[in-house]
Each structure stands twice: as structure tokens, then as C-alpha cells.
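Student: Going line by line, the protein sequences match chains A and B. The opening position of the first sequence corresponds to residue 1 in this note's numbering, with each subsequent residue numbered one higher. The opening position of the second sequence corresponds to residue 1 in this note's numbering, with each subsequent residue numbered one higher.
Please keep in mind that the hints were generated in silico from the structure rather than gathered at the bench. Glycine is no exception: its CB is placed at the ideal position from the N, C-alpha and C atoms. The hints are all genuine.
Computed footprint of chain A on chain B, listed as stretches where at least three residues anywhere in the stretch have a Cβ under 8 Å from a Cβ of chain A:
no. : stretch
1   : 273-287
2   : 309-320
Partial list, computed: chain B residues near chain A (C-beta under 8 Å):
no. : residue
3   : ASN53
4   : ASN56
5   : LYS57
6   : LYS61
7   : LEU83
8   : ASN290
9   : ARG460
10  : ARG461
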Amino acid sequence: MKKAIYSALAFTLLLAGCSGGGTKPASSAAPAGPDTAKGEGVMTYADYIAAADEDEVTVEAYVQAKQNWWEDTATIYAQDADGGYFFYGVKCSEEDYAKLVEGQKIKVTGFKSTWSGEVEVVDGSFELEEGNWVAEAKDVTAALGTDALINDQNLKVSFKGMKVEPSQNKDGQEVAWTYKWDDSGEEGDDLYFNVSSNGKTYSFTVESYLCDQNSDVYKAVKELKVGDVIDMEGFLYWYEGPNPHITSVKAAN
Amino acid sequence: MRKLLKSLLCIGVLLGTGGMLAGCHGSQGMADFTVPEELDSSRTFQLTFWAKNDTNKTQTKIYEKAIADFEALYPNIDVTIRLYTDYGKIYNDVITNIATNTTPNVCITYPDHIATYLTGANTVVPLEGLFADEKYGLGGSEVKFDAPSQQEIAPQFLNECAFAEHYYAIPFMRSTEACYINKTYVEQLGFTVPDVLTWDFMFEVAEAAMAKNADGTFAVNGQKVMIPIIYKSTDNMMIQMLKQKNAGYSDAEGNILIFNDTTKELLFEIASHAKTGAFSTFKISSYPANFLNAGQCIFAIDSTAGATWMGSDAPLSDIAEDKIVHFETSVRPVPQFDTEHPQMISQGPSICIFNKRDPQEVLASWLFAQYLLTNDVQIAYSQTEGYVPVTLKAQQTPEYQDYLSKKGSDNTDHYTIKIQASELLLNHLDDTFVTPVFNGSTSLRDAAGQMIENVTKSVRRKETVDDAYIEELYGSVTSLYHLDQIHSSSGSAGELGELPTESRVLLITLVAIWVCLGIGYGVHLKRTKKV
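This is chain B alone, in the form it adopts within the complex (with noise of 0.2 Å):
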């Protein structure tokens, strides 16, 4: 459980390192890769295929059926999955990698990590020429299962795997976040919960909730506990809240414009709510969901990717059954700052090739990430939780769109609030956004998650959060996060490694002639003095 907090730790920090990792990743550069003419069936591929699961049994099951079901396709390539359930060990394990030559062929990430594996030279495959190629491409003549051609891929999804002038991934899975909301408890105190969510709204109705009986238990649940709101990833919270309000966050060249008057007044605002309790995260508290279940928080805002364990009759629980309490639940967007334009983080796992010396592995293993894309696994991947099949061919499948209409039929694989919060990101797919990707671009997300952490906390210690706290926090997350080291226009990533193998050669052989010169002519004068 903590685990997960060392790592979100250990990513910035990773990352925050990412100008000093450049510098050792770019020794060891390959070739670029050029598509074979054919994939060579005479010989035999071992390819490894590190992938996140959500410590989900029937993910793991589905990522060994794929194998099991391309092996049969493909016998001379042989896939061995090595399984992570966090993508920070992913990608410092990646990074770890990527000195020796050792990467994965196939790799489930995220696009803010591949910017910084782009640091060493052509570490990760281009996919662009791959998409295209008659045979082998999207939906190519010569792959032997029904892949989806380039079309057939939501462009939405596929356009944030574009960074650095290349696509660099393709996607997975897809979520957003959602706000799961006790129905019950936001009507017993006089409000009504509205299609699209203000984050005013859920202040007011939050604030409502720290009402006390005289026994010192909390009027609307009767219980001693009740934080009405709990932020599972307050990157997003940051993230979406300054995308809303059309505030600095980043650009696409990497300068980082965070650090502005609107993000204060964010903190100043949330402060004032995790002052009075009615605020807090799951760093601080724990699981919005097991909070939820228990009747003890009104507005628990996490992954649709988590949806199994929200709400009284979820399949998925961590706490003890006679804990739970009864309640209707609503799924909704997270809230907004305005509610005719909502905007949403489009998040969720993306598949990066990494290149090798034999152009025939990366094939075998673009044949491999391409299977991944079928509508078998997409659509068994993504009704494990609420997720949305990457694939407009697997989204407009009979099979899909069945278990759509079956919502709520059953507590389990059509549990009514996993498909719900599938539906809020299918209703919503032209209201998300993705941050821009550079290298150091995780850095800033953690830091922005880490700001409200940190008021969050300074506040429940009775700590003043005022104009000179947030000029000393933007300074140490800055410090904590190297900030300050990240190289604006840095959109191509690949530039800022260290000069490619080849070009320190010519440079050393350069220096190599210009000294022979020298000690020729030297020992030219010496001779002529003699004479």
C-alpha cells in the first residue's frame, strides 16, 4: 500500500534526474530502424513484454491469453510477460535498462516516461513508418490477425502518443477521472447533484458536511469520521483546475508556468477546505474508496480505472463488509470551473517498441503491440474496469456495445458504476486534454500534485498558508523536482542526450588530426633549427 507512495516519490525524483540521465543514455545509440522487407519466419524472436496490471487477476489473464493466442499466430516468436503494477518500477526499471542495451521489446508506459527514454539515442522506435507499411503496417497484408488500420484508432488517443515529431507510442487503454458521488448524503443535505459538477458546488456541499450532532459524531453519516472529499491523484486535481481556468501549467517546449497567481489562489482555496477538514487525499488519508463504502466521504474523485471498487455493491472491496454502508451513487465528471465547456484529463497506459541492433526483433515485436490492439483484448482489457477500448473498431463492435446495454445487469462484469464512468469518457472523448510531453514533464506533473499535497498538510498542522508559504513552496518543489534543470524546447526530446556515438568519434578523430598536425609541424621546427 505505501509502496505506491515511494514510488510516486521515487518517479519525480527519477525524473527530476532526467537532464543527468540523458547524459549516460546517449552512449549506447543504435541505428535507426528501417522495416524489414519481410519478417524473416526461418528464425526464432524472444521478446519481453513488460506490462502494468491494476493488481487485477483478470488482467494478468488477458495479457497471457493475448500471448498465448499470438504465439499460436506467430510460433517462431515466443513472448515472456513480466508484470508491474506500477509504472513508476516500469520506468526505473526502463531507465535502468536502457544503459545496457537490456529494454523490453514491447512496453506498456506512459508518454511523459517516453520522453525520457528519447534521451538516449533512437532507444525507442518511431512508429510512423511501421503504421504505414503495406505489409506489416495497421491492418497490413501480410498480419495475420484482424488489426485495426491507423483510421480505426481514436485519433483522439492516438494523437497524444505524437510528441518530439514522431509517434512515439500507441495507445492502450484509456480512462479519465470521475467523481463518485454519495447520491444519498448530497440529498439529505438539501442539494441536488447536477449532470456536470462545479468545484464551487462541491465545496458548499462538502462544507455542509462538517455539521457535528452534540455527541460530537457527524450529522449526516452519524459516524466520527466523515472527509467529504478525497483526491485519490492530485497531479489531476492541479492539472485539470488549471487547464479550466486556461491557467499556465506548461508548453510544449517545456517551459514550466506553473508557478502563477492562479495556482496560488488554487491553494489558498483548497487549504481553506483542508483546514476544516472537508478536504483531503489519499496520500494523507487513504483509498477515496474505502472511504466512500464506508459512508465517511460524499465525493471521492479517482480513475474511472477504478470504478470496481466504488459504491455500496462493488465487486472490489478493501474493507470489512459490515462496514459498508448503503447508499446511491452518481458517476460524474470531475468538477469544473465551467460547465458548458468541460475539460477532463485523457489518461491510461500506451505500448512504446524499443529498438534493437536486428531490425527482425522490432518487427516480431511491433507485430506483438499491434496484437494488443485486436478487438479480442481490447475489449476483454477494458471491461476488467472502466476502461475505453482505444479502438473505434472495437468500440463499434455488437460484442462491445452488448456489454454496454448490459449495465447494471449483474454486481460483477456489468457492474453499473465500471460502465458508467467507460460512458463518461465515451461521452466525453472530445472534452479531454493531455498535458505536453518533454522530458521532465513528469517532474512538473508530480509538483503540481505535490503543492496541494503539501498545503493540505501544513494546514491540518495549523500551519499559515499565506502569499510567503506559496513563494517558499514553488521554490522547494522546484528544488525537489529540478525544475530548474529542465531544458525548455526540449519538445525533441532526443536532442538533449549526449552526442551520439558516432558524432563523438568524428569529434575525437578531429581532435586526434588537429594534435598529429601539431606535433608534425613541432618536430618539422625542431628539425629545421638543427639544420
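Chain A on its own, in the form it takes in the complex (with noise of 0.2 Å):
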């Protein structure tokens, strides 16, 4: 995929949300699920959705990965009772950003946009509130390659007994993964694979700012085999279609 043309600058890489390199929540004792109820001001996540591209929005959700942090501004996977939301580039001093721990609560002002399908705030700013809570993976094999899918687009999500299928590197020959879409890149690029599922394949992705090279899940991709069925968990990213962020994969049960 295109979305890999472009490699990295010397960004801040901090690993939430990757096995083995995630940052943890800040209390054990997190709440059993999130808020409901919404502050003053703030969007339901179904006032959110409804809003317009380039609208103001004001919404609360609880951190469930950040991507990277880099010249005051951070990128942030997060979600609340009713869906996923990705804040893209909002305004986060790096103090702030070591207080943005999976599973803390925040409250997020910026314009919607949609970027090749990617539902996201940018230009944002945010507080830190009250609350704590990790949402489990919702499983989403079964929607893969329907219409329902996108309504879970930016959320933790899962896929179950999925099967590795060849992918081409650049000598043509059928390998399990590539550097970048087109296996231009190198080690530390992001990784592309195909997976399989009721006889359809996907394009999977470990996004390095997310994951790098020294992430358990970089570093388990790298070793999987054409045919071995996996169980895999990330987020609901969207480029021009369902692009998700794998941030675990294991050999399925």
C-alpha cells in the first residue's frame, strides 16, 4: 500500500498497545468499564459520528494506545462505551504525553476529519479527567469484508483463526510478510502481511510507529510461515479500506 511510502523521522516511539513493549495502566485497580455519561459539552459517540468533516468536536474516551509523540503533538488510539476514536497530531506537551498511560481518560477538542476513510480529530487539544478503563478486543473476524465492519473502525479489535497467505517480495518470490506494501523497505519499516478468512485475504499491517522492530509483534510477524493460522489483535485503522494496526499476533487456539 501507498501508505507506506514515507518512513519515519526521529520520532518519540513509545509502544503502548504492542505486546511486551506497552506501556501499563495507571492503576490496577481500573474501573470494570467506562463512563456512560458524558461531561458538559462533550459529544456522544454518536454525535460525534454524525458530525460533519472540518466541525468542531468535543468527546471523551480512554486511551487504548499512543502511536508516537513528537514536536508537541501526539497521536492516540482511544475508545469509550460506544466506539474507537483516533486523535491524530493533537497538542501534548512530552510531560503530558508520559501521562497518557493505557486506559486514561481524556477529553479531546478538535476538528473531525476523514483521511482516505480514516475517521479522526485533528488539530486537537486535551485534558486529562478522571477515569481508567481497558477495553477488551472486540472480536471482528466475522465482519471482516462487510459493510458493518467500518461501524467499528479506531476500535481495539480482534481476528480469530486467521490463515497466512504468500505476499511477493521484491524478487517476486512468495514470502509471509514484507517491508512496506511492495517490500521496498528495510528493517524498522512497517510490515505488511496477508491473512485469510472464509476465503478471503486482507492486508494487515504492523505500523512501526506504533510497533517498532523492537516490539514483540514486529519481531513475530518476522517469523511467521505461508499457511500457519494466527489469532491477532490491533486497531481498526482505515486507508482506503480496513487497514488494521496488529498489535499481537500467536498461534491460534
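Assembling the complex is the task here: the two chains are given apart, and the hints tell you how they should meet.
Tutor: Below is the structure:
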């Protein structure tokens, strides 16, 4: 995918969400579920989805993972009781970024935007709020290939029992994964791999800002063999269609 | 994907701090490079080559083959490639490595970036001495491959590598921007695509394309989405518009001239079309090619080096096959204000060589850089996208001419749109221009694009874009990109860095002598008093 055309600068990579590398919840006594009541002036998830692109939005959600921090902006995967959010480049000091641990509740104000199908909040700022909740991954395997899948965009999701299908490397050989979508990259770049379910094949990604080359998932994907059957977790990112950012891979039960 | 946006921002900020960087680069200066009499074949040289590809595996393979072929000719020179997919990352890493004298030997880069590298004393090797060297120069007697002579490099492209009174680079590939047009939709709207578009024509067609059906879909495509104009690189958009208007942008001395009334008028014009939804940008909406191929864009303006993504039959595509709409594509130069005198930007990668303490290592680097100008490399690489070889020698080969003549014979190597994009540049070599290069010129470029991005975003968010807004915008981009910290008369960027070590040692020595003299005089006075 052309998504991987451009490589990273020297961003600070904090690997929240990646198995083996994630930041831990601030409190071990996290409540069982998320708050369902919204604060004053805060949109419900339904209101947020109904808003038009470029509308100013204010939402509350719980950090599920953070992708990177650079030059006083952070990119965050978050979720509330009703849906997922992707906060792209919200204003954030490095000090505050450290406080964005998995489960931390935040209020974000910014502008709704859609970029290649990915619905997100851009040019935003956030406040830390009282509250902590770590979402369980929702199994969306059955929804793959259906129109319903987009309703779960940006959620923490899981995929069960998917088979690794061949990709083609730059020499035309069949391999289990590639650096970048067409194998034009190198160690440290995003990994791409194909997996199938019910006879249909999908392209999944290890996003190197979210899970870098030292993360367990990055290493695990590089060990995959064509034909392996695996379970995965990640975030349901979108780029011209579903493009999950995978954070864990293990052999299917 | 979104990494690009951060990379672009990063470049801006990094370059914005160029003046500050300059201060820490001068401390590790090296001696001037002198071409050795002979390449020492008894020694082994380990070279690092930092290269950029467009996430294109064929380009990666061409680099690898070039290295293998070169190493076969020079078994004592070992080249290790490090691949990047954006210039910003290369720039960032070079800046980091200048301070520790661990720069690569050979690097694909832009002249704007080199201008900042030059803030380190003797960091980048001036090439004119190497060009002219009888043995190892361009086409020299001891060069083991068929290299081009200096006259066989397209003069327009070579001249782009001359600044600060030296040649600090050689061109590697060249491209320009093209307007990829859904001709089918333009005609459906009652217009005819001219040979050279005007901005007015494009905006007129775009506004016509905003008409909707009763059900809310756009009349021209029957879809819910239509963004008639999407511009990939808004910095280029502003730069080309200003050049075509003969308005201020900057000069070679580093004076910032962009904040003028013409810029304001252009921003108002752009904002008016962003407000209706007729205009958007890559940063705001996504790749022009995705929308063009889905029948959701009519004028997709992007590099000729992105041509393989453009059109219904494009060999590369990010969108699902069932979303691709069939239409006829026209390739045209970027829109113009004066169609009789078209002007378009020249862009594309160049190659620079970093200085090292060992002149033999630099000579080995030069030989490899020169190898990248051979016909084999030039022709192969140019065919991966809508690039043009930078040597006349390669352009005039029967092999390259045959490639051009097979335009449209397949949708892969000879994809029509790709070759048309290359031809566009070949036919307009004398209509190309580049912006002045100085320490900070990339910051200015970023600022130029940022102003378009800002007004576009603002009107989409129903903010008022008026005189007061523009004044504030001028101030904010000046601050964001540190344009007020760019020192003019920086054509010789090397003068901007800290004093060379030798000079500082001399000054410190002078101060020390004066201190010693003072102490001596003091002691003398004391003794005199005691007596």
C-alpha cells in the first residue's frame, strides 16, 4: 500500500499497545467499565459520528494506545463505551505524553476529519480526566468483508483463526510478510502481511510507529510462515478500506 | 501514510532551526578536499550510500544492481546502501551525523538541504575540481566505466546544483509537476481540455463540477464525493503561481519576499474555491491519485514521478478495483497564468558527496556517484516513474528513445501516462525553474505551502479569510518556520557557521597572549613598586 511510501523521522516511539512493549495502566484498580455519562459540552459517540468533516468536536475517551509523540503533538488510539477514536497530532507536551498511559481518560477538542476513509480528530488539544478503562478487544473476524465493519473503525479488535497467505517480495518470491507494501523497505519500516478468512484475503500492518522493530509483534510477524493460522489483536485503522494496525500475533488456539 | 505529514513538518522545523544548527556544525571542520593523483587500489574502501526511493521495489533493485556492477569494476570499493523513502528523514539523519563526522559518503538529497549542510566547514565536497580532473573526472581517462562528460549532463539540471559559488551536487533524476485530468468529466461538463491550462480554466471547470443532483450526489459523477482539484504539494503550487506572476518569493541572498500582495490575492482566490469544496490538498484529503481513479477528482496535480498511480489503468493503485472508474486521462503542465510562456518547477533528487579526512575515500565516493550517471542506471531508474534521465547521453540513446516510442504498448513498463509525464518535462526543459538555494530556503518552501493549507482548512471550518487573517497568517508562518531568523546574503551558506576550529584556535591564542602580556606587565609593576 502506498501508505508506506514515506518513512519516519526520529520520533519518540512509545509502544503502548504492543505486546511486550506497552505502557501499563496507571491504576491496577481500573473500573470494570467506562463511564457512559458524558461531561457538559461533550458529544456522545453518535453525535461525533453524525458531525460533518471540519466541525469542531469535543469527545471523552480512554487511551488504548499511543502511536508517537513529536514536536508537542501526540497521536492516540482511544475508545469509549460506544466506539473508537483516532486523535491525530493533538497538542501535547512531552510531560503530558508520559501521563497518557493505557486506560487514561481524556477529553479532546479538535476538528473532525476524514483522510482516505479514516475518521479522526485533528488539530486538537486534550485534558486529562479522572477515569481509567482498558477495553477488551472486540472479535470482528466475522465482519471482515462486510459493510458493517466500518462501524468498528478505530476500535481495539481481534481476529481469530486467520491463515497467513503469501505476499510477493521484490524478487517476485512468495513470502509471509514484506517491509512496506511492496517490499521496498527495510528493517524498522512497517511490516505488511496477508491473512485470509472465509476464502477472502486481507492486508494487515504492523505500524512501526505504534510497534517498532523491538516490539514482540514486529518480531512475531517476521517469524510467520505462509499457512500459519493465527489470532491477532490491534486497532481497526482505515486506509481506503480496513487496514488494521496489529499489536499482537499468536498461534490460533 | 500520515508519517509523511509529520516528516514534512519535521523538515520545516528542522530547517527553521537551521541557524541554530549552524552553530554546532562548524566545530568539526575538515580540510579542503584535494583530488589525489591516483586511486589507491591497494586499499579497501567502505562507502555508505544513503538513497531515497518512492516505495518502489524496482528502484530498490536498480540501486542494488548499480552497487553490484560498480563493485565488480572496483573490487576494492564496497558500497553499503541505506534506503529512505523521504528526503526529510535523510536530511534529519545527515544533520545529526554532521556533528559527529559520521555523514554518509554519498547521499541522495536536494540542493536546499545541502545549503544547510554547508553550515559545517568543508562538510560537502565542491565538485568542480572533480568534474574537471583528467583521470577521475567526468569521463576521465582512469574511470572504468562509460561516464558522461560534463557537457553530456543536461545543463539546466546541472546548473541547479550550482550555488554558493560551487557545484555541490550532481543531478540524479529530474521530474516536474503535472496536472492529471479526467478528460471524460471535463468534456461531460461542456469544456475542452486545452494544451496548456490556465488557472482560471481549471477553477471554472471545478466550480461547474460542484453541481448536485436532487438526491445530493454530484451531477458529474453520480457519487457523494467530488473534489475537483486536489493539489499534492501546495508549496510547489504557491511557488509556481508566484513565479508565473513574476511576484516575489525570495532571492539568492536569502531575502524573504513572499509576504506580498500577490500572495494575498492568490490565497484569497484559493480560499474561495476551497470554500465551495472545489479545491483541496493532499494533507487535508489524501492522495490525488486515489480520488482521480475513483472518479472523485478531475484535476489531480502531482509530480510526474507519481504518474504510475494516475489513471484508470494505472499499474499502481491504493484503492479497491471495484472503486476504480473508467475515464480518459490527459496529462498537462501545471496550470499557467500566461499560456504563451509556461513556467513549471524542476524537481528531483541530486547527489552530494560528504568530505572525509581521507581524500582517497572521497575519490572513491566520487567514482560511485559518477557511476550513478551512467546510461544503465539513468535509463533504468527513469523508467520506474515519470522521471527524465539527467544526462543528454542517456536521453539520446536508442534504448531510451525506443522506450519512449513504445508509449502505451502495455500498462506496465510503457504505461501511457507515465511516458507522457516524462515527455512533458522533456518538451519543457527550457520552461523549468528552481527557487534560490540558501540556508533556510526549505523553511520558506514549507511556509509557502503552509499558507495554502491554512486558508483551505480555515474556510472549510467556516472561518473568515480576510486582510486581517492574512496579516496574522504571515506572522504565524514567519514564526513557525523561523523566517525572521534567516540571514540574508547567505548565498555562501558556509559563511554562516561558527568560525572554523583553526580560526577559533588563533583567536584563543591571541587572547591568551594578551592575558600573558597583561600578567607579565602586572608582575613587572609589582616588582618595580617593591623596589
